[in-house]
Structures are given as C-alpha cells and as structure tokens.
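Enquirer: Single-letter residue listing:
2 protein chains.
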Amino acid sequence: MFEQNPYSKLISSYIQRAEFPADPADLYDPIRYILSLAGKRIRPMLVLMSSNMFGFKDLTLALPASAAIEYFHNFSLIHDDIMDKAPLRRGKDTVHQKWNDNVAILSGDALLVKAYQELGKSPADKIPALLEVFNKVALEVCEGQQMDMDFEKRTSVREEEYIQMIKLKTSVLLGGALQMGAILASASKEQQQKIYDFGVNLGIAFQLQDDYLDVYGDPSSFGKQVGGDILSDKKTILHIRTQQLSEGADLLEFNDLVSAQEITKEEKVGRMKNLYAKYNIDQYAEEVKQRYMHLAYAQLESLDIDPESKQEMFVLADILMHRAK
Amino acid sequence: MFEQNPYSKLISSYIQRAEFPADPADLYDPIRYILSLAGKRIRPMLVLMSSNMFGFKDLTLALPASAAIEYFHNFSLIHDDIMDKAPLRRGKDTVHQKWNDNVAILSGDALLVKAYQELGKSPADKIPALLEVFNKVALEVCEGQQMDMDFEKRTSVREEEYIQMIKLKTSVLLGGALQMGAILASASKEQQQKIYDFGVNLGIAFQLQDDYLDVYGDPSSFGKQVGGDILSDKKTILHIRTQQLSEGADLLEFNDLVSAQEITKEEKVGRMKNLYAKYNIDQYAEEVKQRYMHLAYAQLESLDIDPESKQEMFVLADILMHRAK
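If you're matching them up, the sequences are chains A and B in order. The working numbering puts the first residue of the first sequence at 4, with every later residue one more than the last. The working numbering puts the first residue of the second sequence at 4, with every later residue one more than the last.
Treat the hints with caution; some may be incorrect.
Derived DSSO-like pairs (lysine-lysine); straight-line CA-CA distance at most 27 Å [to be verified]:
#  : chain 1 : residue 1 : chain 2 : residue 2
1  : B       : K101      : A       : K124
2  : B       : K88       : A       : K101
3  : B       : K88       : A       : K156
4  : A       : K170      : B       : K88
5  : A       : K88       : B       : K101
6  : B       : K139      : A       : K129
7  : A       : K192      : B       : K129
8  : A       : K124      : B       : K129
9  : A       : K124      : B       : K124
10 : A       : K129      : B       : K101
11 : B       : K139      : A       : K139
12 : A       : K129      : B       : K88
13 : A       : K124      : B       : K88
14 : A       : K192      : A       : K237
15 : B       : K88       : A       : K192
16 : A       : K139      : B       : K129
Since the hints were derived computationally from the structure, they do not count as laboratory data. Given the structure is predicted, the values throughout are model-derived calculations rather than measurements.
Bound conformation, chain A alone (with noise of 0.2 Å):
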C-alpha cells in the first residue's frame, strides 16, 4: 500500500542496513527473519511524516526513533504470537513456531533492547523526551495485551472496556509515534498532544473498522478469513453491541452460536450475521467508528501550523479509513 513512498524507502533502507551479530545464531536469527516479513511500516513512518509535518530539517535524524517504534512494534508480535499460539504472521509461520518458544521469548526480549537501543541514536537533547512518551506508550501496550488475554476469560465486556483495551493494545503506539516525531521537531507540548490525540483516535477508528470489515468485508481485498472474528467469538464491538441489545429468544440465539460447537462455520457465521441484521449492528459500529475518526480529524485540523503541512496526514488517515471498502 505504502512500498513507493520515500518514507517507506528511507525507513526500508534504514532498517535493511542494521546488522545484527551472526551468534549467538538463535538469538538473532529471529529478529531478522521477523524484520523481513515487513509489514505495511506504517508506525515508523508516522514517526517521519510528523516530524515532517512540524518541519524537521533533517529527516535522517529521525530514524533511529522511527526504528525503535518498529523494533518495539515487532517485539510485541513475536511475544503476542506465543501468547495466542499463532501458528502464522504475515502469512509465515511465527517466530515460537519456525524455532520453539524459549527461543521466541529471548529474541523478543533481545529485540525490545535494540529498540531502546535505536532510540539512544536520537539527537541526545530529544533522548529524554523520546524515552519518557516511548516508555509510556510499551507500557500501555504491556496493559492493552493483559486485558485482551482477560477479556478472552470474561463472558461479557463492556464496550468502553473493549475501547481502552484497544487503545492501549494497538492505538497508543501510533499517537506514541506521532509525538515521537514532533518532539524531535520541538514542537510545544500542546502540539504534541494534540497529534499524539489523532493517532490515537485515528488508531481506535481503525481498530473498529478491522472489526467491521472481519464480517463486512470483501474476502479478496481484505485478506483475512471473512467471519474469523464470529467464529473464534472474539468479542469485538459487534459482538458487544449484539450481546448488550438482545433479549429473549435473540439472546438464547446468541449464547447458543457462542457455545456452538456441532454446527458448520457457514451456519454460525450466517446466524451471527442475521442477529447483527435485525439490531443494525453494522450501522452501529461504522458510527462510532465516524465518531473517533471524527475526533482524529478535529485533531489534525486544530494543529497550529499551515493547512499545506498537514495535507498528507489527512491523505494517509484517508487511505487507512478507506481501506477495502
């Protein structure tokens, strides 16, 4: 979506030129085998549009922390795929799978290190700053995997729960990056907030969407299994919002589908989706998906510099919110 950019060029260069140490080999490997599997490199390069955006000379001098959002993003998976037994990322087979899990949890850990360690090659004056909003932000994504893996547990969540546990597992580290990049361009604080307020809002809407679009979607431009969500009962904001609503001979339809075992994907899928049907679920979700997008925009829009500097982060919220549509 984003390979002929000149970030994605800059952060692709960058990250393919660090050298790792060839032992000890299954310490390493790891991190280079989940580096080429580069995803969309959306999180680094939120890193350098910002930085961009409040007019950073340099470039350059920005991705070491643009790497380090990158580093820390892929240290996550790795762990998260242990966590969740994930067989396949990206399409290949996950860290904890292609080796074992001891190795999986070392090379992680090894990976978070050189993500603080491409942090520290930040102009030194930005260290403290960048190290202070990046600490926060693992910390909150730490949090954000913690809920997940209780909400599993849970018969119920509520729907402002499932919206922190979001924000924390996957929307803060995009409004960390954002800030990341206006701290090295020494914006105000107040300047900060408000573009680490957009990631984060921005992050939340496009949380939401990937939920809608997991049963809503078009199976050939989205690439996930269609249903995936439904049929793991993951509960996502349409699941919640189903749950809450029905009553009566609609919420033993429910609980039945979310127990089934004996009956086909096809059927709990098809099932699910006429519930969703009969209480406007899907128009539900793409409104408070509108209502966080909104606020995102309101963001972006109260920034105090020229309209002209801000025009591509309004084209990349708009290619992310029109994804696959």
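With chain A fixed as given, assemble chain B onto it according to the hints.
Expert: Positioned in the frame of chain A, the structure of chain B alone reads:
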C-alpha cells in the same frame, strides 16, 4: 548479608515506595511479587557505591538508575526461569509456576519497560550515556542466556567459551551498574572503563567461586544442594577442565558419569569428586578465580581517586570473594 548498610536501606525504601497500578492484576501482581522476594540487591548497591566513590554528592539522584538495574535483573530472572523451567526462585515459586508462562512473559516485558522508565528519571543530561551502557549490557545478558542454553545441548564447551558466557550472562551487569554510577558522578571515560572492568572481572571470579562452592562448599552456609551442578551435568569450569584433562579409563569414567541414569546421587557426586581430585581440579578452579580477582583488584587500585574513597569497594569485593568459604 548487606541488609543493614545505608545503601541497601536507601534502595529498599526507594523500591518499596514504587507504586504499580492494581490493574491489570496479572500484569502487575507478578512484578510486586518478584520485587518482594528481594535478593541481596548487590547490583543496585554497586550503582550507589560507584557514584559515591567518584564523588557524586546527592545519591538520591542515583536511585532511579539503581532501581533500573534491579528491575532489569528481576526481569531477566522471570524470563530465564520460564526458559529453564525452574520451579523455585529464592525459595519461593517462580512467577511462571505461581501464575503461568503467558503471565510470566508479559509481566517480565512490563518490568523491563519499568526499568527503562526508572532510568528515564535520572538527571536529563546523563540519560543518553546511561541508556547507552544499559542497552549494551542488556543485550549482552540476552546473548549470555542464549549461549548458556546452547551449551546445554552440546557435549563439550571450551573454557574460554564458558568464561565468555558467564561474562555476558552475569558479569557485564555488575560492570554496567558500576559504570552507570561513574557516569552519574561525571567520571571520565577512562575511569568509567576501569570500574566497568573491575566489575566484570569481579563477576567472573564470583561465578567461578560459585562453581567451586557448588562442589566444595559447606552445605550449611552455601544455601544450595552441594553437588547440584554435578548431578545436572552443568558445564562448569570444573566439568570442562576435567573433560579436557581426562584420558583413557578416566575419560570413560567421566563420560559414564555424565550419562549415568542408574546410580545414586551420592555415588555420582562421589565418583566425580574422585576424578576432580586426581586432576587437582579444585586447585585449578581456585587459580582461575584468583586470576580474575587480581585483575579486578588491579583495576580498582589503578583508579585515579584517593585510596580512602576506594576502601568500601575493596571491602565489598572481599566480602563477595570470601563468602561461605
């Protein structure tokens, strides 16, 4: 051993004042738990002692870096214990034993981030240099742990490989703690290097002594099962040297003992000690230890500060080196 000295008291009270959120409980309870098992806290003490030795006036400003070292150490214990499937730590259940592997992975991650958060509370002008040392050491500790796991799968290990492993896995953290103290006190690069080398060599000597005491220590004062390393075929300096020197019938006996399944614990330890005796392995281990100890003392001696200021560091080294003899 050190509970009553002023450094220990400062550290304990600082760490006890640290507040972790109540929720998510499975993220923060294990952190509270492992920190409550408080070991000897030698590592954080080294930060303060070094700061003090190099003339830093306000030791409370060194407490965050000191806590960072202690948190890092405890993070590494949580994750190592998962990898080693260890049921006990400091006589209590390990985190993964008391909760589960997922909780241990994620709370370990969070504790590592908390370590960096503490580091970030240091005087801002020192943070870049502190971060650099901390990152280097943290990565080396991961490398050491990986080497240790790799060695378990091998049939033999060379002595220099073993020394390199214990250096990375345990000693560089002592050196790093001391160097961080020196950085806080604005010591020169040269002085930083010397106190780092002192710590690394002292750490190697300490680990070699640990190998020795595991076989020859007084069970009542050593605090572990004597002969534990022999029973688990751990490739210590004693094991490596014996394997290297043995020939003919002795090598057969050595190999027999290493793979022995059907003999009693007492017989295995007794017969291995006979082999050690034949090749004066105890004496050799003592010699190698002495070599690193002398290297350490020489570094401390050569520091460009008045001898009186070094006195308590010599005392600490003496205590560590004559422990339970």
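Enquirer: Hint by hint, say whether it matches the structure.
Expert: Evaluated hints:
no.: 1; hint: B/K101 with A/K124; verdict: 39 Å, violated
no.: 2; hint: B/K88 with A/K101; verdict: 21 Å, holds
no.: 3; hint: B/K88 with A/K156; verdict: 25 Å, holds
no.: 4; hint: A/K170 with B/K88; verdict: 34 Å, violated
no.: 5; hint: A/K88 with B/K101; verdict: 21 Å, holds
no.: 6; hint: B/K139 with A/K129; verdict: 20 Å, holds
no.: 7; hint: A/K192 with B/K129; verdict: 22 Å, holds
no.: 8; hint: A/K124 with B/K129; verdict: 14 Å, holds
no.: 9; hint: A/K124 with B/K124; verdict: 19 Å, holds
no.: 10; hint: A/K129 with B/K101; verdict: 41 Å, violated
no.: 11; hint: B/K139 with A/K139; verdict: 22 Å, holds
no.: 12; hint: A/K129 with B/K88; verdict: 41 Å, violated
no.: 13; hint: A/K124 with B/K88; verdict: 36 Å, violated
no.: 14; hint: A/K192 with A/K237; verdict: 38 Å, violated
no.: 15; hint: B/K88 with A/K192; verdict: 46 Å, violated
no.: 16; hint: A/K139 with B/K129; verdict: 20 Å, holds
Violated hints, listed in ascending order, are 1, 4, 10, 12, 13, 14 and 15; each of the other numbered hints is respected by the structure.
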